[in-house]
Each structure stands twice: as structure tokens, then as C-alpha cells.
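Go ahead and model the full structure; you've got the sequences and the hints to work with.
2 protein chains.
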Amino acid sequence: MKRLSTLGLGLLLSASSLMAQNVRPVTNLRNGQFPQLTADNRGVFQLKAPDAKEVIVDIGGKKYPMTKDDKGVWSATTDVLMSGINYYFLYVDGVQISDPASETFYGCSRMSSCIEVPYAKGDVRFELANVAHGETTMRRYYSKNEGAWRRMFIYLPPSYQTDLSKTYPVLYIQHGGGEDERGWALQGRTDIILDNLIAQGKANEMIVVMSDGNCKDFIKELTEECIPLVEKTYRVKKDAANRAMAGLSMGGIQTLNIAVAKPELFQYVGVFSSGWFTRPFGNNPQMNAEENYKKLAERKDFYNKQFKQFYLTMGGQEDIAFNNCKAMREKFDEIGIKYKYFETPGGHTWPVWRESLYQFAQLLWK
Amino acid sequence: MKRLSTLGLGLLLSASSLMAQNVRPVTNLRNGQFPQLTADNRGVFQLKAPDAKEVIVDIGGKKYPMTKDDKGVWSATTDVLMSGINYYFLYVDGVQISDPASETFYGCSRMSSCIEVPYAKGDVRFELANVAHGETTMRRYYSKNEGAWRRMFIYLPPSYQTDLSKTYPVLYIQHGGGEDERGWALQGRTDIILDNLIAQGKANEMIVVMSDGNCKDFIKELTEECIPLVEKTYRVKKDAANRAMAGLSMGGIQTLNIAVAKPELFQYVGVFSSGWFTRPFGNNPQMNAEENYKKLAERKDFYNKQFKQFYLTMGGQEDIAFNNCKAMREKFDEIGIKYKYFETPGGHTWPVWRESLYQFAQLLWK
Chain A
420 MKRLSTLGLG
430 LLLSASSLMA
440 QNVRPVTNLR
450 NGQFPQLTAD
460 NRGVFQLKAP
470 DAKEVIVDIG
480 GKKYPMTKDD
490 KGVWSATTDV
500 LMSGINYYFL
510 YVDGVQISDP
520 ASETFYGCSR
530 MSSCIEVPYA
540 KGDVRFELAN
550 VAHGETTMRR
560 YYSKNEGAWR
570 RMFIYLPPSY
580 QTDLSKTYPV
590 LYIQHGGGED
600 ERGWALQGRT
610 DIILDNLIAQ
620 GKANEMIVVM
630 SDGNCKDFIK
640 ELTEECIPLV
650 EKTYRVKKDA
660 ANRAMAGLSM
670 GGIQTLNIAV
680 AKPELFQYVG
690 VFSSGWFTRP
700 FGNNPQMNAE
710 ENYKKLAERK
720 DFYNKQFKQF
730 YLTMGGQEDI
740 AFNNCKAMRE
750 KFDEIGIKYK
760 YFETPGGHTW
770 PVWRESLYQF
780 AQLLWK
Chain X
420 MKRLSTLGLG
430 LLLSASSLMA
440 QNVRPVTNLR
450 NGQFPQLTAD
460 NRGVFQLKAP
470 DAKEVIVDIG
480 GKKYPMTKDD
490 KGVWSATTDV
500 LMSGINYYFL
510 YVDGVQISDP
520 ASETFYGCSR
530 MSSCIEVPYA
540 KGDVRFELAN
550 VAHGETTMRR
560 YYSKNEGAWR
570 RMFIYLPPSY
580 QTDLSKTYPV
590 LYIQHGGGED
600 ERGWALQGRT
610 DIILDNLIAQ
620 GKANEMIVVM
630 SDGNCKDFIK
640 ELTEECIPLV
650 EKTYRVKKDA
660 ANRAMAGLSM
670 GGIQTLNIAV
680 AKPELFQYVG
690 VFSSGWFTRP
700 FGNNPQMNAE
710 ENYKKLAERK
720 DFYNKQFKQF
730 YLTMGGQEDI
740 AFNNCKAMRE
750 KFDEIGIKYK
760 YFETPGGHTW
770 PVWRESLYQF
780 AQLLWK
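Just so you know, the sequences run in chain order A and X.
If you're matching positions, the first sequence starts at 420 in the working numbering and goes up one per residue.
If you're matching positions, the second sequence starts at 420 in the working numbering and goes up one per residue.
Fair warning: there could be bad hints in the mix.
[To be verified] Cross-link-like lysine-lysine pairs, in silico, DSS-like; alpha carbons within 27 Å at most:
1) K651/X - K487/A
2) K585/A - K657/X
3) K472/A - K490/X
4) K585/X - K490/A
5) K472/A - K472/X
6) K563/A - K585/A
7) K657/A - K656/X
8) K656/X - K585/A
9) K540/X - K472/A
10) K467/X - K487/A
11) K651/A - K472/X
12) K467/X - K563/A
FYI, nobody ran anything at the bench for these hints, they're computed from the structure.
In this text, all values refer to a predicted model and were calculated from it rather than measured experimentally.
In C-alpha cells, the structure reads:
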């Protein structure tokens, strides 16, 4: 039947059997009837597994046991979910699976299910809107440094394909651990956020480069492969005043490291839900804060002048990076490194990182 | 632990524990040790599921029971697999899941696991190569016809971003049932095929538009939404001599329908693994062959002159669309509609459709 469906059955749309008032999140597959969201944004999950002994839904780290009906369909309704995108999994007799009814996104080091929970009425910052749209392009390249084929996703703003005389500033932005170049393009809704900000005159048009931070040497990869390829291929402004660097979590540490090591490249730095570890992390010298604090202290005035924005964001005290970032801020205060700090509730999650980009993008090129 | 991994553990690469000589297909996640491929391209699959009673791997419609070791790890080795990309699933006690170690691709109406099996040595047609690369861009648009936000993927050839005075012909190409606009962009390797053909001088540079064929009225969607948006946004040639239309399976029927209904739009038509159904299919008039044969017969000379290429491909007799296509070819012969026919073994699968595009692209704009 799988094969037959390829030939024609896809044309026949199955009748919707939604529970009254519940909505299907946009992250469902087109024929995925569940999960659903109640009017107050509780998630309602279902899975047919007649022979399973135990099925659990795990969303944002919280586990909900599901209950089986007489047809072998397991169900659970969660607490109220945070607006924005949330990773989730199902466990069937201990095997962690993605929900067959959901789109999948690379996160938590695997293809994960996600549920996109609508934002409050009137909050259109992160929703597709009737504005001029840019696009997100996928560019493949062979990295000599990594000895592998890699990809970048690149947001090109609304005027890019039609106003061919224009050049643009560039924001380089990195995903977190267990994610890749798709994180900001899909979970992050980078294009939607920028399209909306640009339409409202809150941000200048810019290009946003989302590269794959899973590499042996991120600084080498970004400076020897990504930046040269971008500057050779797209109509970009090529000076520090028109380059920004940002990242979340693991990508935030990469951002901190490159900001200290190559400050001449960028005048804008954004570090979301991150901070150097307070003690050496494994054998990776780039995780070692002390080296970096020393360099910052030695050339404090230079760094303070070079970075027009040094912007730190945090998903509240419930963010797993809160303490690392707090220790880092205290150290910056002690050394005399200037920064801005923005906190929003939500923990170590994509809704927080979308909000971080939304805020940071408005500070750029001004 | 899921959350912790986001912050830094992703930097630590786990040691590879590959079985001697086996390779990990490029469709594995970066930390996915299985599936593996033996030297003769048998798939070796594994899943840890200590509490499961039965685990099966289903690849290309063929089911292999897996056997459990004393650690609760289930394994199976398949027959020799066809080169190219193959959909597969695991069944755990009857629940169809995607393999947690694999990338997922939208096919069979869900996010499916895939295994990319290497091509024969020296066959570089479908492999990433050291040639000039184009890119694949994702464009969102609001469709008034469908009342929904939709996406197109658009291949832009190597010179597109740097030779700004150039304009290009456009191939519109459609996926099959249970797939969407991602099919040709990811499973189909459209960019890789075109980059390679262009580098070898076997195809002219062109733009390829991959739209979402899951809509109420495909002809309306393509002609009133997709084509106008493409022709307004990109540097394209805007006449029938520079437009081609193609599709596979369900997309092949859509291609046939639009070729008959709007022949003035395209001078090149490609129909892969498809053909009208030999009897009416449900209530969908677009599936009805007789209407179309009548129109073709009435203006036979016009159609024969209009279509510089009317190209039909088939994945051998094992292709589920073989009989539909055979009946259609016989009808074309009877009516006097000219076409070319190309057959390659492999059935109703992506390896066949990659080959179909490879052949068809070489016939365009010549």
C-alpha cells in the first residue's frame, strides 16, 4: 500500500476528524490528525500501538504516561505548552521514537518530533505574515578543513533577487549541540523573523548565514571556508562594520571563542543561552574560559571599542546555561568588558532563541 | 541528558565502532552507527529494543525479520540493495517507526528513513563532485487558490548568483503521491544531477522549480501562483520554448493533465513512471484518460509541433505504473501522438527517477 499511495492515493484527502475546537499544529504532517492543541494550548497526543505495554510522551523533558483504549490507541493530554516550537518524543516499551504524525527536525542528535504552539493573539513576530518575503537557500561546499561535504543555509532578504545593485551586511549564526545548519532555518524561523522585522522597519535588510557548527575547528571552518564562500558568491559588504556573529548554547561558546580570537572580523556579537563553562570541559581548550578572560582583560579597550554590540541573552533562571552565563557576566564586570543582557522566561529552548534573534537583529548595523 | 547534550556534549565525537569494511551511508545521522552497507551493498540494520517481541525492517516493500541478541539489540542483513536512495521502516511490535539513526525524508506520507546506497565505481552522475555548484532555495508564498502558506524549492544553477546579466530557462518538476516539494530537492538530488550535467557540458544551465503538488487544483496552482511568482522573482526566460514540465508518478499525471490543458506554456514534457489510469479513478476528472485522449486526437498536429520533447520513462516491468504507461503509449500510437520512451530497471523508485531526470535534462533547450 505504501507503493500504491505513491501513484495516486495522495490526491484523495482524508476527512478531518478533529475533536471540537482543537487545532492541529502546523508541525503535523498533512494527514497527521494528532497531536492536537486545546484552546488553552495543552497538547493532546495519540499513538496506535495495540501490542505495547507502555507508551510515554516526553515533551521539553517532562514525561506523560499515555493510556490505552480498547482499540489499542494510546492518549495523553499535557500541561499548557509554551508558545513556539517544542521538541518531543514518544517512548514505546522503552524505545524512543519520533511521532509518525509529525514533521521531524534535527535536534537532540536525532530527527525529533516537534510541536509548534501558536503565539498569543496579536503576537505576529514569529508567524508567517502577508509581507515581502526573502528566501532560505541551501548551498553545498566541500570543506578542505573538515575533509567532507557540508551545507550552509543562507537567508536572502526580500529585495535580494530583484534589486541587483544592492549589497548587504551579514549575520553568521550558529545552532546548538545536537543540532546542525537546519536549526536556525527551520526550528528558528530565521526567515520569518527577519521578513517581519524588515517589513516593520525594525531591522535593516541583511543576509543570515547558518552553517554547520559540528566540526573539528569551528574558527578555521568559518573563517577559511564559510566567509570566503559567502563573500565570493553573494552581494555582501565585506568589512567588520557589516559582519555580525551569534550563536546559541554550543554555538554561543563558538561565538565567544571566535569573538575573542578574531575580533577584527565582527563589530556585533550575540551569545544566546550560553557562557563559557566555569571549569575546563574535557580536553577541549576552546571550552576553557580562563584563557579567554585573560585575552579580553589584556585588550579590554580594544574589544570594548570593536564590538558595537556584545549582546547576551538568557532563558531565565530555568535555562541550563544560566549559571555559566552569570559567572561570565560577573567576570566581564570585573574585567570591565561591556555587554548588554536580555532575559526572557522559557529555559533552554527554541522559543527563547527566536526571541533572542528577534531582539538582536534590531540592534544590528545601526 | 537530552538538554545537557544541547550545551556542549555535541562537541565530543563518539568513537566509531564500525564492523570491518562496512560503510555508513551518507543518510545516517552523524552519530548513527547503523545501518551499514557491506562491500556488496547489503544493508545491515540494528535497533536496541530489549522489551520488544518482534522487530522487522521493511525496505522497498520487502520485509526482513530481525533477530535479538542477549543485550536486546535486534539485527538483520538484507539482500543486495539497489544503488541510490531507498525508503525503509522498522516495525517494533507492529508499530511502524523511522530508524532513530537515520535522516528522515518526506515520503510514503510520513517522515521516512532512507538509506543511500553508493553507485558503482566511476558512476559519478548522482554523487557530489568537485564541480561548480548551484544552490537550492526555499521560497514561501501564500497561495490564494489553496488558502494556505506553501513552499517551493528552486534550483539556481552555478552562474546564477554571480553572472547577473544572464537569464535562464525553467523546468517545473513534480514529486509523487505521499511526497512533497522536498522530494526532488532531497531524495531526487536535483542540484547534484544538474551541477554534474552542466559541468560536463551535457545540459544547459537552467532553473528547476519543485513545487508542492498536494493541492485541490494543480493546474491553477502552478499557472496562477507558482509560474507568476517565479517569473517575477528570478531572471528567467518567459516563453514556451524556455519552459519544461515534468513529474513522477502522481506528478506525471499532473504533468500529462497540464500538458493537454495548457500546451501553450511548455515545449518540453517529461512523464516519469506514470500514465493515466486505464479506468476512471475515484471522482477525480483529472484522472480520466478518455477526456485527454480526445483532446489530444482533436489537435494532434498542434501537440506534435508544440512539444519538442514528449518524454516517457519507466522503471522496467516491475514499476507499478508499467501497465498504465503501456496502455497510454498504445493509445498515443493509435492517435498519432509522438513521444520518446526510455526504460531502466528499478521499479517505482527514486533511483529510477534520478536517472529519468538525468536523461530528460539533456534533451532540454536544444
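Hint-by-hint comparison with the structure:
{"no.": "1", "hint": "K651/X - K487/A", "verdict": "violated (53 Å)"}
{"no.": "2", "hint": "K585/A - K657/X", "verdict": "holds (24 Å)"}
{"no.": "3", "hint": "K472/A - K490/X", "verdict": "holds (20 Å)"}
{"no.": "4", "hint": "K585/X - K490/A", "verdict": "violated (61 Å)"}
{"no.": "5", "hint": "K472/A - K472/X", "verdict": "holds (11 Å)"}
{"no.": "6", "hint": "K563/A - K585/A", "verdict": "violated (31 Å)"}
{"no.": "7", "hint": "K657/A - K656/X", "verdict": "violated (32 Å)"}
{"no.": "8", "hint": "K656/X - K585/A", "verdict": "holds (23 Å)"}
{"no.": "9", "hint": "K540/X - K472/A", "verdict": "violated (47 Å)"}
{"no.": "10", "hint": "K467/X - K487/A", "verdict": "holds (24 Å)"}
{"no.": "11", "hint": "K651/A - K472/X", "verdict": "violated (56 Å)"}
{"no.": "12", "hint": "K467/X - K563/A", "verdict": "violated (36 Å)"}
The structure does not agree with the numbered hints 1, 4, 6, 7, 9, 11 and 12 stated previously, though it agrees with the rest.
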